[in-house]
Amino acid sequence: MAKIIVEVMLKPEILDPQGQAVASALPRLGFTFAKSVRQGKRFEIEVDGDPTPAQMAEVEKAAETLLSNPVIETYVVKVEK
Amino acid sequence: MALDTVTIATQNPDTTQPFAELGLKDDEYARIKTILGRRPTSSELAMYSVMWSEHCSYKSSKVHLKQFGEKAFKSDALLVGIGENAGVVDIGQNYAITFKIESHNHPSFIEPYQGAATGVGGIVRDILTMGARPIAIMDPLRFGLADAPDTRRVLPGIVAGIGGYGNCLGLPNIGGEIVFDETYAGNPLVNALCVGVMKHEDIKLATAHGTGNLVVLFGAKTGGDGIGGVSVLASETFNAAKPTKRPSVQVGDPFAEKVLIECCLEIFKADLVIGIQDLGGAGLSCATSELASAGSGGMQINLEKVPLRDPSLSPEEILMSESQERMCAIVAPEKIKHFMAICRKWDVTATVIGEVTSGERLHITFNGELIVDVPPRTVAHDGPIYNRPIKKPDYVDQLAKSTFEVPLPTDADEVKAAVLKLIASPNIADKSWVTSQFDKYVQGNTVLAQPEDSGLIRIDEETHLGVAVSTDANARWSYLDPYEGAKLALAESCRNIATSGAKPLAVTNCLNFGSPEDPGVMWQFAETVRGLADAALELGLPITGGNVSFYNQTGSVAILPTPVIGVLGVIQDVRKRTPMGIPSADLDLYVIGKYNGNLSGSEWAHLHGEIGNASPVADLNMEKRLVNFLLDGQPIFESAHDVSNGGLAATLVESVLKNKIGARVDLNDVANALFSETPGRVLVAIKSSATNEIVSLAGKYQIPIYKIGTTGGTDLEINQAVISIEELSKAHTETFPKLFG
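Read top to bottom, the protein sequences are chains F and E.
Mind the numbering: the first sequence is residues 1 to 81 in UniProt numbering, read in order.
Mind the numbering: the second sequence is residues 1 to 741 in UniProt numbering, read in order.
So here's chain F without its partners, still in its complex pose (with noise of 0.2 Å):
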């Protein structure tokens, strides 16, 4: 059985409200090793057997219209066995 992952990202221009939070409770925790942090979503979709191409095009379609908001996210698809 594959999964097929669907990585979203805010674009790097956009805001990310909840990475910069991260990025300021690591220094508070001891950790001192990030320069910065950006936070985003993955998603993991099982299907039966290997994907096929339409399903690929399928899961890219959700990605541009329901996983990722296409206006301030991107988004990557991949297959991991």
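These are calculated hints, taken from the structure and not from any lab test.
Do not rely on the hints blindly, as some may be mistaken.
Residues from chain E that face chain F, not an exhaustive set, calculated with beta carbons under 10 Å [stated by the list, open to error]: (1) TYR113; (2) GLY252; (3) ARG575.
Derived DSS-like pairs: lysine-lysine, alpha-carbon spacing no greater than 25 Å straight-line [what the hints assert, rightly or not]: (4) LYS35(F) <-> LYS221(E); (5) LYS503(E) <-> LYS700(E); (6) LYS35(F) <-> LYS61(F); (7) LYS305(E) <-> LYS35(F); (8) LYS199(E) <-> LYS269(E); (9) LYS503(E) <-> LYS594(E); (10) LYS199(E) <-> LYS35(F); (11) LYS62(E) <-> LYS269(E); (12) LYS687(E) <-> LYS594(E); (13) LYS11(F) <-> LYS269(E); (14) LYS416(E) <-> LYS503(E); (15) LYS25(E) <-> LYS62(E).
These figures come from a predicted structure and were not determined experimentally.
A virtual CB, placed ideally from N, CA and C, is assigned to each residue, including glycine.
Based on the hints, put chain E in the right spot on chain F.
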């Protein structure tokens, strides 16, 4: 791109510049050259283009808006009038209230959640800038038809955005409107109102004076949000043929704004600022030029000191960025240490970016190179002014001559079906699906909120002093007759305030229209402004400020002219407010005010695809008497509810459903009596022991009153028609969940 400095601009006068892409016309560009005596640098061009856009300069509306000043009622209550960030009124007990309404229409169409959220954020900062603590918000909204696919995209996003931002700030959302009409498809209206409170001595103004005083930018860092958003987004008509423009959207951070509010209030309390301005549309371009021109004019800004979220921003972009949650203050050098300490305490980034100078020019340098050298007034106030052509559109007279017919119920079954149909229609249906996403009671001072006639907030816990706010517009009447429509909207808003038991005190407005380049739209606008100015003068209310939103149209279809009028009222004791819901059985129901049975512009006509032929004519003398009647009679009213959208049918149903107490009424000419929206009427419930008093009030104020029935039971009985409360409740409440999930 190489830095375009003043020196380079002088040396290369003929460089081609993209002024047209930035929205400037040929003659406007030529005027900038005349003002400067050379071509502008690219940074100057950015500033002029954004500040001379319709949104910032009011270039098409200024010639009309003058009337608000000229015809103005001279009110002692007005502490700060038009021109500042928001007007301020005196409500007694040394309290001052500031309130204002603004539009965020176009950004909310592009990205509903963030567009609406930043609309709330912007108006809250305007109120904060006056020195006040924001205490409540309201949101009048307009959408395309409720079942249209795009409405399903924008409405949930906009509602979530308002709720998300307002709830995080901890501000109660106490009212507003939700109206559907097909002309708003592709052009939803998101208007946001904020109310703030302060003591008289706390009023702050946007001004920069005192040579050597420091210019401090504080709040969020500057990023690429909404660059050109103001000039491009707000001044461009959406055209279905072109690909949708999707420029950089501003993203709001309500928690940053909350901290900024508390930080500012502490700074105000310690009296550390000379002038203050929020950064909204046009960002730093607007804040620096407005602050400087309100003072002596001289200011020096070191633009490289602006803290950036995105280090790749060019100086032009830094000047135009609309990153949210930022403020600009003028601080005396001896107070800067204290100022910075408060900012550190609240974890707010604050940076000295320049100082007030003795000259008369705004100088902006970037790493030592002079990139802006302008007289600030020419940027902020001396923009172009257009006297655009005005022509009464043909439809007005055509409709006036036309007749229209809508089916009217006659027997009991038809009356019942008609009432159920009306109250289930999206414009009349219960809006809790929306308002339950807003926190109405946070801070614990909310006395009345949606769906009451007005929102009512307690100001003082000891004396129970409070304020009421209502917003109203009837765009269909404005379409039929914009002059009368504006007067009626103001009258209705005042009536709503008085219905709740508060005395109307001041007016604000948000005028939403199509393209000013269309002479017909410009006529609607001119008539609206004339009507509003005349009505405010006649009702004795000052107009404290307002906002104009043009270019609300898709292709050649403009939205209905939508002047949203906000009225602020004061109530000496909030415990004495009048609720809208019938509180108990065995009360007498009266309609106060005369009705004429006309269905023109009514919701019932709209439901049958008709707009009607003429607007009612506002009788402001009567409205004034009605307000006094309501205030005088307040002690005997057990409940009171304005008759407006949906007519007496909607008023009755809402009054019954509030506390689930039935009523029985007898009406002559039942269909017209139920569905006519004749203005100037209120439904009140009184104990029968108060009969003599209401009769004598009616005589005193020369307002006709009609006893139409009594309260009690578990049904609404209209003549022979019997509708159970369950049936009413089901019809009224299931529409929104069905449409929006």
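**Q.** Hint numbers contradicted by this structure
**A.** 3, 6, 10, 11, 13 and 14
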